[in-house]
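**Q** Sequence:
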Amino acid sequence: MIHDRFVCPNDRQLELRSKINSGWSYYTYIQSFIPHYNDNIINNNLNQKSLTDHEIEHIKNVLKRDQRIQYIEQERIGKLIDRLNKMKKNATGNGLTECILCSNKRGILSRSFVSCFDCKKLVCYYCSIQTHFNQNIISLCKICSENRQLWKKSAAWFFRSLPKCSNLPLNINSSPSIISSQYIKTSDYQSIHNQSSLNDDDDDDDSISDRFNK
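With this note's numbering applied, the sequence shown covers 23 to 236.
Treat the hints as calculated values from the structure; they're not laboratory data.
Some clues are possibly wrong.
Capping the alpha-carbon separation at 27 Å, the derived lysine-lysine pairs in DSSO-like fashion look like this [stated by the list, open to error]:
| hint | residue 1 | residue 2 |
| --- | --- | --- |
| 1 | K86 | K101 |
| 2 | K143 | K175 |
| 3 | K143 | K174 |
| 4 | K127 | K143 |
| 5 | K164 | K175 |
| 6 | K175 | K110 |
| 7 | K143 | K111 |
Please put together the full structure from these sequences, using the hints given.
**A** Shown next as structure tokens:
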């Protein structure tokens, strides 16, 4: 007899395995090491494969932990969206003859002005941010710069659309299965923070620049 754990069983054994929902190599593995193994014992073990209370509790804890992490992630993205919306709301200029953010008018004695690379609006020197794009230095208004950060930190570049604030759970505090973010393990929060900080270092991500104005 071949003592191989992964010997493929014959057609009859495969058909039997499919009826009792057991692994394809289970029967062959038992026969190769214990040739006189009682088939009744095998059937009893198969019937006793229901989850124990300890296993069920462990699965519940894993699901709760996943819900906590999802809530923290949604809360983080929601704050980014709120911050961007507040910046847009506080913009007082027209972007044509004055700075789109601080409404400082363009003049001979005024501060230097540049055109935002993304929105093409006029922005003053103090309200602009310089970054790299295609090995060139470009200027962005703070709104477009924040929009780029939102696309990167929320993985919108992957889904090709910005997340919606309405996706946040409304009754998060009333749900017993979700614990407040202040009780989340440090390792869970740190893993999320590390992923977002890695994206902060890549300001010259050219692959998503064509989607920022959508």
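**Q** Could you run down the list of hints and mark each one as holding or not?
**A** Okay, the hints, checked on the actual structure:
no., hint, in the structure
1, K86 to K101, "23 Å, holds"
2, K143 to K175, "24 Å, holds"
3, K143 to K174, "22 Å, holds"
4, K127 to K143, "13 Å, holds"
5, K164 to K175, "16 Å, holds"
6, K175 to K110, "19 Å, holds"
7, K143 to K111, "16 Å, holds"
Hint check: no violations occur; every hint is consistent with the structure.
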